[in-house]
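Chemist: Chains as they are written, first to last, in our numbering: chain S, 371 to 692; chain E, 548 to 797; chain Y, 4 to 329.
One should not assume that every hint holds.
Simulated crosslink set (DSS-like; lysine-lysine; CA at most 25 Å straight-line) [what the hints assert, rightly or not]:
(1) Lys637/S / Lys246/Y
(2) Lys459/S / Lys497/S
(3) Lys207/Y / Lys93/Y
(4) Lys258/Y / Lys203/Y
(5) Lys13/Y / Lys637/S
(6) Lys203/Y / Lys637/S
(7) Lys681/S / Lys644/S
(8) Lys499/S / Lys459/S
(9) Lys13/Y / Lys81/Y
(10) Lys681/S / Lys623/S
(11) Lys644/S / Lys673/S
(12) Lys258/Y / Lys246/Y
(13) Lys93/Y / Lys13/Y
(14) Lys641/S / Lys203/Y
(15) Lys516/S / Lys459/S
(16) Lys644/S / Lys303/Y
(17) Lys452/S / Lys516/S
(18) Lys246/Y / Lys93/Y
(19) Lys623/S / Lys200/Y
(20) Lys503/S / Lys545/S
(21) Lys623/S / Lys673/S
(22) Lys637/S / Lys200/Y
(23) Lys258/Y / Lys637/S
(24) Lys641/S / Lys200/Y
(25) Lys497/S / Lys516/S
(26) Lys13/Y / Lys644/S
(27) Lys644/S / Lys151/Y
(28) Lys13/Y / Lys200/Y
(29) Lys13/Y / Lys88/Y
(30) Lys623/S / Lys637/S
(31) Lys641/S / Lys623/S
Everything labelled a hint here was simulated from the structure, so no lab data went into it.
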Amino acid sequence: MKHEALLEVRSLRKYFPARRGILSRARWVHAVDGASFIVEAGETFGLVGESGCGKTTILRLIMRLIEPTSGEAIFTGEDIFKMSRERLKWLRSQISMIFQDPHSSLDPRMTLADIIAEPLKMRGLRKAKQRMKRVQELLERVGLSKAYVNRYPHEFSGGQKQRIGIARALAVGPKLILADEPVSSLDLSIRGSILNLLRELQGELGLAYLYVSHDLSTVRHFCHRTMVMYLGKGVELGPTDDVYLEPLHPYTKVLMSAIPVPDPAAKVTRKSLKGEVPSSLNPPSGCYFHPRCPYAIPTCSEKEPDFVEVKQGRYVACHLVQ
Amino acid sequence: MALLAPVIAPEDRIEVDLTRAKLPPSIGHMMGTDPLGRDVGAYIIWGTRTSLMVAATAVLLEILIAVGVGAISGYYRGVIDDVLMRITDVVLVLPTLVLLVVMVSMFKVRSLLLIAAAMAIVAWPWMARVVRSEFLSLREQSFVEAARSLGMSDLLIIARHILPNALSSVIVLATIDVAWFILYESTLTFLGFGDPSAISLGALISKGRNYLGTAWWTSTFPGITIFAVTLACNLLGDGLRDAFDVKTRV
Amino acid sequence: MGLLEIRALKTHYHTVEGIVRAVDEIDLYVERGETLGLVGESGCGKSTVGLSILRLVQPPGRIAGGHMIFDGEDLLLKRQREMEKIRGRKISMVFQNPMSSLNPVFTIREQVAEAIRLHQDISRNEVSSMVVSLLERAGIPDPWNRMKDYPHEYSGGMRQRAMIAMAISCNPLLLIADEPTTSLDVTIQAQILELMKNLKRELKMSTMLITHDLGLVAELCDRVAVMYAGKIVECSDVGTIFKRPVHPYTEALLKATLTTLGTRVREFYSIRGFVPDLISPPRGCRFQPRCDYATDLCSKEPPEVEVDSGHRVCCFRAAQRYLDEA
Numbered sequence: 371m372k373h374e375a376l377l378e379v380r381s382l383r384k385y386f387p388a389r390r391g392i393l394s395r396a397r398w399v400h401a402v403d404g405a406s407f408i409v410e411a412g413e414t415f416g417l418v419g420e421s422g423c424g425k426t427t428i429l430r431l432i433m434r435l436i437e438p439t440s441g442e443a444i445f446t447g448e449d450i451f452k453m454s455r456e457r458l459k460w461l462r463s464q465i466s467m468i469f470q471d472p473h474s475s476l477d478p479r480m481t482l483a484d485i486i487a488e489p490l491k492m493r494g495l496r497k498a499k500q501r502m503k504r505v506q507e508l509l510e511r512v513g514l515s516k517a518y519v520n521r522y523p524h525e526f527s528g529g530q531k532q533r534i535g536i537a538r539a540l541a542v543g544p545k546l547i548l549a550d551e552p553v554s555s556l557d558l559s560i561r562g563s564i565l566n567l568l569r570e571l572q573g574e575l576g577l578a579y580l581y582v583s584h585d586l587s588t589v590r591h592f593c594h595r596t597m598v599m600y601l602g603k604g605v606e607l608g609p610t611d612d613v614y615l616e617p618l619h620p621y622t623k624v625l626m627s628a629i630p631v632p633d634p635a636a637k638v639t640r641k642s643l644k645g646e647v648p649s650s651l652n653p654p655s656g657c658y659f660h661p662r663c664p665y666a667i668p669t670c671s672e673k674e675p676d677f678v679e680v681k682q683g684r685y686v687a688c689h690l691v692q
Numbered sequence: 548m549a550l551l552a553p554v555i556a557p558e559d560r561i562e563v564d565l566t567r568a569k570l571p572p573s574i575g576h577m578m579g580t581d582p583l584g585r586d587v588g589a590y591i592i593w594g595t596r597t598s599l600m601v602a603a604t605a606v607l608l609e610i611l612i613a614v615g616v617g618a619i620s621g622y623y624r625g626v627i628d629d630v631l632m633r634i635t636d637v638v639l640v641l642p643t644l645v646l647l648v649v650m651v652s653m654f655k656v657r658s659l660l661l662i663a664a665a666m667a668i669v670a671w672p673w674m675a676r677v678v679r680s681e682f683l684s685l686r687e688q689s690f691v692e693a694a695r696s697l698g699m700s701d702l703l704i705i706a707r708h709i710l711p712n713a714l715s716s717v718i719v720l721a722t723i724d725v726a727w728f729i730l731y732e733s734t735l736t737f738l739g740f741g742d743p744s745a746i747s748l749g750a751l752i753s754k755g756r757n758y759l760g761t762a763w764w765t766s767t768f769p770g771i772t773i774f775a776v777t778l779a780c781n782l783l784g785d786g787l788r789d790a791f792d793v794k795t796r797v
Numbered sequence: 004m005g006l007l008e009i010r011a012l013k014t015h016y017h018t019v020e021g022i023v024r025a026v027d028e029i030d031l032y033v034e035r036g037e038t039l040g041l042v043g044e045s046g047c048g049k050s051t052v053g054l055s056i057l058r059l060v061q062p063p064g065r066i067a068g069g070h071m072i073f074d075g076e077d078l079l080l081k082r083q084r085e086m087e088k089i090r091g092r093k094i095s096m097v098f099q100n101p102m103s104s105l106n107p108v109f110t111i112r113e114q115v116a117e118a119i120r121l122h123q124d125i126s127r128n129e130v131s132s133m134v135v136s137l138l139e140r141a142g143i144p145d146p147w148n149r150m151k152d153y154p155h156e157y158s159g160g161m162r163q164r165a166m167i168a169m170a171i172s173c174n175p176l177l178l179i180a181d182e183p184t185t186s187l188d189v190t191i192q193a194q195i196l197e198l199m200k201n202l203k204r205e206l207k208m209s210t211m212l213i214t215h216d217l218g219l220v221a222e223l224c225d226r227v228a229v230m231y232a233g234k235i236v237e238c239s240d241v242g243t244i245f246k247r248p249v250h251p252y253t254e255a256l257l258k259a260t261l262t263t264l265g266t267r268v269r270e271f272y273s274i275r276g277f278v279p280d281l282i283s284p285p286r287g288c289r290f291q292p293r294c295d296y297a298t299d300l301c302s303k304e305p306p307e308v309e310v311d312s313g314h315r316v317c318c319f320r321a322a323q324r325y326l327d328e329a
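Looking at chain S on its own, in the form it has when it is part of the complex:
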């Protein structure tokens, strides 16, 4: 059964200029440094990594809120970065976004109706009555009463605000939703309901999610396939079960063993990691992970490993594995 590739990202790079004095050389922050992956229609694809790995920047690039330094992002056959303004308008009805902080992602001065109708307005739905009808439909779809249309965001809890954000993202009928840590700011006891909602919507509407998070436990259960990122590069990619239970890349192994286990009887053998994440201003030579890697060999400091398919559907960037 062949899955249709909805979004294909190829060797995406984004370097930001680092502000320095007028006299010193231009330096670049390697926010995204060669990431490649495919998101299939109807699947949930996870992007995980620690701070500075570039996962949030990738989302911004795909939405074309910023321009890439190089690379492509092909959405249903067209390169997003080559799209004209007209085409971009269409793109915005195909891809939408959910944000991390429910409290700042909704304009506090707008009613729910305004917030959810805004994308509809942008798409040219002129009749106010039609818009209101759609708004009410959406509210109910996400589990909120349609009587809430004229209320303001501050009257709702974090979980409810996140539902409002989801309703807004659904308004235009997208095929892909970019989710930036949607449940990280929510209490443990209500995360489940939001994740269940997202899953239901995926089943009903055939949505694909690109799910970015630093919370490995959630991604484990929510995403079909996952890519682990380090310092702007993808280091491992594969079906979530495989990546988590049988990690191939040394960084993935360390990452998995670093998570505290909520079981006091479990024996914890942790692979310790030396030092700190290096600065993306001056990444190490060869494989970016080599200075901290417990298995590094001389080649690792000289040559950058390619991100290749080592098994069916499994990609790794590591000399030792290849």
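On the provided structure of chain S, position chains E and Y as indicated by the hints.
Modeler: Relative to the frame of chain S, chains E and Y by itself:
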């Protein structure tokens, strides 16, 4: 309801100022007459009206300039922000009264409109700074990012999302400035830079200057009025800010 | 006798909207040398407990009643001067966000030195070597040079290590750690976790770990107290809490916790309803509106039952089962 009270009450006061001769109690000439036989009370009412209009004009001009500069500076940052902020700094550094006097005396024709414009020019930097700082923080909020991801243009985002949220600071500052402008206008008129034929509080105070010993009421009552109007403006500002704040709407 | 014994502690915040009963009559104790985990979600009052112990609660909050017996003396009866001698010396605290807890205009050396010299009479020369050894113990590499850096030159993990160094500088009897790793990356969190384990072994000090992360609790704590809406609902040793929880909220929290091991979850568990408003909490058991086992009884204040030695629960259902088994 209680929150709207500060809005209603000061408005009443201003209404009273403008339309009816009812301020301090009396029969006939409540506040006496000035050396030329004009009823001080009536004079104050007209004068206040004039002063308020001048101040209001100045504030409107100020808001126009300040929001324009502050919004561009705060939203776009970079070089244009630096340039605009340096201009702001220059104007801020110069002493207000001196600057006002210099500007007004450059023109042969003395008019209140001139004073209003001059005051707006002198005062906008402060408000621009406030607007800029609101914009700086608001543009980082994720609802702005959300709007951008919908494909909204910068202009739309500024107009529909950022400005309304920055409004409350602008309003408070505007009402404080109205009070200041009334004071400045009175001062300028008092010093002789105003329009000699116009009726304003400052004019009255200045005319009564020489008679403080004998006809003290000529200067005193206008003075008290300035104080009262200033206070009313500040209260109005508080009330307006609360009324605009979505979170306190019932 | 325990190191710290809290009885009927009440801490309330007097806000415009009403009195927020953040901590509403709780009993807690910490033995010498043990690590107690105080677990709960945001808004349950656990951070307020930490602040209350050190009497750092700022107006409009105030401690409204109870006793806090530390090392034999009631902290609530002490004067400010006496509390100042205790803070940093006998009881220290580590906060969640190390960047805002460190003063950006002073070097790390100056700040750690200040922590030392506030309570100990040590000459300037000796202070430097003490700072170095403390930083070393906290795992900061190349301490002689790194102590001259400013906080912004340190990464998040190192700043937290510096905070820990400051907190242990006077060998306190009790360390209160309020969400010490929440703002850190996973691998850095693991490093701090290992550090805390080592310090626990070496220094034999008691720790109160305030957190919502059950993984941390499982690895670090000896005993656990679960807090909900200003009340302690269950308290026991760590093994029992995880394997044989009695209170419905504890059960629910455990069900809602995801791990990276095991098979994929079919449906995510969620507790219905909302965290109650601490200004007017539900009458009787505060968890009742969200509890799957609630009965009419639960609208009264639930009794505290000791279902096992050292295992206390505030729940009617638990009380009923205890009686049935007795």
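Chemist: For every hint, state whether the structure bears it out.
Modeler: For each hint, the structure was consulted:
1. Lys637/S / Lys246/Y: holds (15 Å)
2. Lys459/S / Lys497/S: holds (20 Å)
3. Lys207/Y / Lys93/Y: holds (13 Å)
4. Lys258/Y / Lys203/Y: Cα-Cα ~29 Å, so violated.
5. Lys13/Y / Lys637/S: Between Lys13/Y and Lys637/S the Cα gap is close to 39 Å, so the pair fails against 25 Å, i.e. violated.
6. Lys203/Y / Lys637/S: holds (18 Å)
7. Lys681/S / Lys644/S: violated (29 Å)
8. Lys499/S / Lys459/S: Roughly 23 Å separates the two Cα atoms, so the pair holds.
9. Lys13/Y / Lys81/Y: It holds: about 17 Å lies between the C-alpha atoms, which stays within 25 Å.
10. Lys681/S / Lys623/S: This hinted pair holds, its Cα atoms lying about 18 Å apart.
11. Lys644/S / Lys673/S: With a Cα-Cα distance of about 21 Å, the restraint between Lys644/S and Lys673/S holds, given a limit of 25 Å.
12. Lys258/Y / Lys246/Y: Given pair Lys258/Y, Lys246/Y holds - Cα atoms ~12 Å apart, limit 25 Å.
13. Lys93/Y / Lys13/Y: Cα-Cα ~23 Å, so holds.
14. Lys641/S / Lys203/Y: holds (20 Å)
15. Lys516/S / Lys459/S: violated (28 Å)
16. Lys644/S / Lys303/Y: Given pair Lys644/S, Lys303/Y is violated - Cα atoms ~54 Å apart, limit 25 Å.
17. Lys452/S / Lys516/S: Violated, at roughly 40 Å.
18. Lys246/Y / Lys93/Y: violated (34 Å)
19. Lys623/S / Lys200/Y: Holds. Lys623/S to Lys200/Y sits at ~22 Å (cutoff 25 Å).
20. Lys503/S / Lys545/S: holds (21 Å)
21. Lys623/S / Lys673/S: Since the Cα atoms of Lys623/S and Lys673/S sit roughly 21 Å apart, the hinted pair holds (cutoff 25 Å).
22. Lys637/S / Lys200/Y: holds (14 Å)
23. Lys258/Y / Lys637/S: Between Lys258/Y and Lys637/S the Cα gap is close to 21 Å, so the pair holds against 25 Å.
24. Lys641/S / Lys200/Y: Given that 25 Å is the threshold and the Cα spacing comes to 15 Å, the pair holds.
25. Lys497/S / Lys516/S: holds (19 Å)
26. Lys13/Y / Lys644/S: violated (44 Å)
27. Lys644/S / Lys151/Y: Measuring from Cα to Cα gives roughly 22 Å; hence the hint holds.
28. Lys13/Y / Lys200/Y: violated (31 Å)
29. Lys13/Y / Lys88/Y: The hint holds at about 24 Å.
30. Lys623/S / Lys637/S: holds (16 Å)
31. Lys641/S / Lys623/S: Holds, at roughly 8 Å.
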